[in-house]
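Colleague: Now for the letters of each chain:
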Amino acid sequence: MRNLTTLLFAAGLGFLLLVLAAGLPYGHPPMLVGQGILQQAPATTGAANIVTSVVLAYRGLDTLGELSILFAAAAGAGLVLGGHRRRRRPDPDGGFILIAGADLMFPLLLVVGLYVILHGHLTPGGGFQGGVILAAAFFLPLLGRPREALDHTAISWIEGLAGAAFIAIGLWALFARGDFLAPMLGKGVLGQLFSAGTLPLLYAAVGLKVGAELSGLLADLAATEARDP
Amino acid sequence: MTPPPIEFLLYGGALALVALGLAGLVMARHLFRSILALGILEAGANLLLVLAGYRAGGVAPILTPGTLGQPMVDPVPQALVLTAIVIGVGVQALALALALRVHQAYGTLDVAEVRGRMEADTDAAAGLEPETSRDLPAVERPS
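In order, the protein sequence lines correspond to chains B and X.
Just so it is clear: in the first sequence, position 86 is 86 by our numbering, and no numbers are missing.
Just so it is clear: in the second sequence, position 90 is 90 by our numbering, and no numbers are missing.
I should point out that these hints are in silico values taken from the structure, not numbers from a laboratory.
All of these numbers come straight from a predicted model, not from anything done at the bench.
Where a beta carbon is used, it is the ideal one built from N, C-alpha and C, also for glycine.
Hints are supplied without guarantee of correctness; some may be wrong.
As the list claims (entries may be wrong) - Here are a few chain X residues that face chain B, going by a calculated C-beta distance under 8 Å:
| hint | residue |
| --- | --- |
| 1 | Pro61 |
| 2 | Gln78 |
| 3 | Ala79 |
| 4 | Val91 |
Claimed, not checked - Okay, the calculated beta carbon distance ranges per label pair:
| hint | chain 1 | residue 1 | chain 2 | residue 2 | range |
| --- | --- | --- | --- | --- | --- |
| 5 | B | Leu7 | X | Ala126 | 49 to 57 Å |
| 6 | X | Ala126 | B | Leu108 | 54 to 62 Å |
| 7 | B | Asp62 | X | Leu9 | 28 to 36 Å |
Using the sequences and the hints, build the whole thing.
Modeller: Structure representation (structure tokens):
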């Protein structure tokens with residue numbers, strides 16, 4: 001009975017939202033902000049990827065808040081899982097295929113992750129996406145060899161320094177230009193690797209922070225016993 | 001009969017994901033399935049946001065020599081969805097950590113069973129008798 005009610009409610013809500021969506025102007029977004037940003041962003045920030053301009057220049061403060069939320073979630077998960085308590089009986093090694101595959105993929109993922117981070121202002125991608133790839137690179141060897149733990153001290157340092165670098169760049173812009181996280185260092189030539197001023201630096205900080213946070217989180221989850229002994 | 005326009009499929013798919021996630025969230029009796037349903041709901045909401053920024057015939061908002069002068073889709077919803085995805089990862093990680101602790105403590109992720117054991121635990125900690133319903137047959141009622 002309860003399931004039937006839930007299904008009816010969900011179907012009704014979906015139908016209601018569909019009727020509302022049918023009234024939306026599909027293909028002609030009514031928002032004017034997007035149009036303005038599309039026209040101004042290349043001249044204002046010098047980044048070829050306009051989404052990056054929005055994330056780091058127009059909404060840089062929101063991105064800082066987003067990083068804080070991610071940090072709070074990672075810290076909360078670490079707290080709930082009880083710190084860095086090690087397993088008494090770690091899982092056995094992952095077999096030849098997993099270990100060899102992890103060894104093979106580690107440098108490739110590292111290069112791809114860094115490429116995605118450093119080209120975030122030119123091509124699709126950026127700090128968040130590249131950071132996740134970096135975290136995957138550091139988590140794969142952990143799947144192959146569960147006995148070797150990640151160095152949590154180094155991870156904490158990377159995370160803290162990257163976060164501090166993001167805020168430091170913002171404060172530098174605040175004192176030099178009068179606006180927190182305002183683009184600095186000139187715009188350069190549109191489409192060049194060294195362009196868009198501080199945006200690539202900010203994205204590098206974001207990428208390192210996200211990568212360190214997620215790999216620490218995955219390692220915490222992997223190192224927790226499924227049941228209390 | 002002409003086929004319905006493509007936007008019905010797109011909006012319908014995104015909204016179906018939302019409805020599916022909502023139904024799963026309410027109906028699932030297993031904590032892990034609830035977390036997965038939350039992920040589906042989130043994917044539907046993100047798709048809706050991206051759809052809202054679509055411009056007819058637009059290309060991705062990235063300036064390359066091939067796309068100069070063409071109409072581009074709205075970059076603001078895309079940036080918002082980028083934020084939402086990252087927040088979603090944080091929420092799921094926290095939820096999984098909590099579910100892991102529940103499993104450590106009670107050995108199960110079944111919602112009803114966990115709730116029953118939690119109530120028994122809190123009753124025992126407060127020194128109360130285990131709660132029984134007044135609707136039980138008379139012989140099973142606490143005297």
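Colleague: Does each hint hold? Answer for all of them.
Modeller: Comparing the hints with the structure gives:
Proximity of X:Pro61 to chain B holds as hinted, the smallest CB-CB distance being about 4 Å (cut-off 8 Å). Checking X:Gln78 against chain B: minimum C-beta separation of about 5 Å stays under 8 Å; hint holds. At about 4 Å, the closest approach between the beta carbon of X:Ala79 and any beta carbon in chain B falls short of 8 Å, and the interface hint on this residue holds. Here the hint on X:Val91 is kept, as its CB sits about 7 Å from the closest CB of chain B, short of 8 Å.
With their beta carbons about 38 Å apart, B:Leu7 and X:Ala126 fall outside the hinted range of 49 to 57 Å. As the Cβ distance of X:Ala126 to B:Leu108 is approximately 57 Å, the hint placing it in 54 to 62 Å holds. Between B:Asp62 and X:Leu9 the beta carbons are some 32 Å apart, a value that agrees with the proposed interval 28 to 36 Å.
The structure fails hint 5 only (numbered hints given earlier).
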